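Every letter in the sequence shown is one number past the one before it in numbering that gives the first Met the number 0, and letter 185, counting from 1, is 184.
Simulated from the structure, these hints should not be mistaken for laboratory data. Do not take every clue at face value.
Stated by the list, open to error - Between beta-carbon pairs, the in silico distance windows are:
#1 Glu155 x Asn88: 30 to 38 Å
#2 Gln46 x Arg89: 53 to 61 Å
#3 Lys93 x Glu140: 35 to 43 Å
#4 Ile177 x Glu154: 56 to 64 Å
#5 Asp77 x Thr164: 22 to 30 Å
#6 Ser134 x Gly60: 40 to 48 Å
#7 Gly100 x Asp77: 31 to 39 Å
#8 Gln46 x Asn111: 23 to 31 Å
Quick caveat: nothing in here was measured; it's all calculated off a predicted structure. Note that beta-carbon positions come from the ideal geometry of N, C-alpha and C, so glycine has one too.
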Amino acid sequence: MLFSDDRDIKKLLEIKLEQAMLKNPKNLISSLIIIVALAVLSACGQQVTRVESDSVTDLSGNWNDTDSRLVADEMIQDALSRSWLTSFNREQGKPPTVIVGDVRNLSHEHINTRTFIADMERALINSGEVDFVASSKEREEIRTERKDQDLHATEETRKAMGQETGADFMLKGTINTIIDAVSDEQVRFYQVDLTLIDLANNRKVWVGQKKIKKTIEKGGLRW
Numbered sequence: 000m001l002f003s004d005d006r007d008i009k010k011l012l013e014i015k016l017e018q019a020m021l022k023n024p025k026n027l028i029s030s031l032i033i034i035v036a037l038a039v040l041s042a043c044g045q046q047v048t049r050v051e052s053d054s055v056t057d058l059s060g061n062w063n064d065t066d067s068r069l070v071a072d073e074m075i076q077d078a079l080s081r082s083w084l085t086s087f088n089r090e091q092g093k094p095p096t097v098i099v100g101d102v103r104n105l106s107h108e109h110i111n112t113r114t115f116i117a118d119m120e121r122a123l124i125n126s127g128e129v130d131f132v133a134s135s136k137e138r139e140e141i142r143t144e145r146k147d148q149d150l151h152a153t154e155e156t157r158k159a160m161g162q163e164t165g166a167d168f169m170l171k172g173t174i175n176t177i178i179d180a181v182s183d184e185q186v187r188f189y190q191v192d193l194t195l196i197d198l199a200n201n202r203k204v205w206v207g208q209k210k211i212k213k214t215i216e217k218g219g220l221r222w
């Protein structure tokens with residue numbers, strides 16, 4: 000007999016269970032075997048549910064998109080509320096230009112720091128408090144395009160070299176973890192450290208820190 004999916008198998012087992020109970024209600028062994036088979040099929044089935052992209056979802060306890068977004072928003076908000084910003088605006092009469100540098104992953108697990116950097120860039124740009132310039136990798140691609148324009152674009156439309164806006168400050172940092180585990184329980188401690196550096200004199204104008212603690216319990220078989 001061919002089955003299109005797990006639902007057909009489960010349906011057949013339910014019918015067999017009902018028939019066995021009607022034929023001999025005392026035949027508990029056969030009934031229990033069928034119940035166990037149904038439980039195994041339910042556990043092995045796959046179900047996909049679409050959720051909002053900003054919903055909080057923790058499956059493994061690892062660093063995830065929610066951690067990245069919330070930490071970036073909170074730390075950028077803190078950075079923009081400090082005195083360095085008002086001092087620069089007062090002295091220069093314009094918003095500072097910021098670039099995000101390297102964020103090193105020093106944790107025990109694989110963390111895609113590019114998504115965290117992108118979240119910080121989004122928070123900085125959307126704040127309207129600072130100007131933002133392209134990263135070093137992006138600048139290389141743009142400079143290659145300018146060189147190509149020098150050869151192939153018209154004089155009216157080509158963009159000249161040497162007209163870039165230099166950054167005033169660079170934001171960089173690290174992500175660290177500490178793990179403490181005993182038996183079936185584990186505690187994961189994440190610490191994100193960010194530093195904003197004045198590119199003119201290497202002075203650190205802001206240092207921020209965000210900590211996240213997660214408790215993970217390994218569950219057994221659930222019915």
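request  = May I ask you to test the hint 22 to 30 Å on the CB atoms belonging to Asp77 and Thr164?
outcome  = Once the Cβ atoms are compared, 25 Å apart, the range 22 to 30 Å for Thr164 and Asp77 holds.
inquiry  = Looking only at beta-carbon atoms, does the pair Gln46, Asn111 fall within the given range of 23 to 31 Å?
reply    = holds, 26 Å
query = That 56 to 64 Å hint for Ile177 and Glu154 (C-beta), does it hold up?
reply = Because 59 Å falls inside the window, the suggested range holds.
ask   = Quick one: are Lys93 and Glu140 within 35 to 43 Å, going by C-beta?
value = Since Lys93 and Glu140 have Cβ atoms about 27 Å apart, the given range 35 to 43 Å is violated.
key: Whether the CB-CB distance between Glu155 and Asn88 falls inside 30 to 38 Å   = Since Glu155 and Asn88 have Cβ atoms about 36 Å apart, the given range 30 to 38 Å holds.
key: Distance restraint hint 53 to 61 Å, applied to the beta-carbon atoms of Gln46 and Arg89   = holds, 57 Å
inquiry  = Looking only at beta-carbon atoms, does the pair Gly100, Asp77 fall within the given range of 31 to 39 Å?
reply    = violated, 18 Å
query = Taking the CB of Ser134 and the CB of Gly60, does the distance hold inside 40 to 48 Å?
reply = violated, 31 Å
The structure fails hints 3, 6, 7 (numbered hints given earlier, in ascending order).
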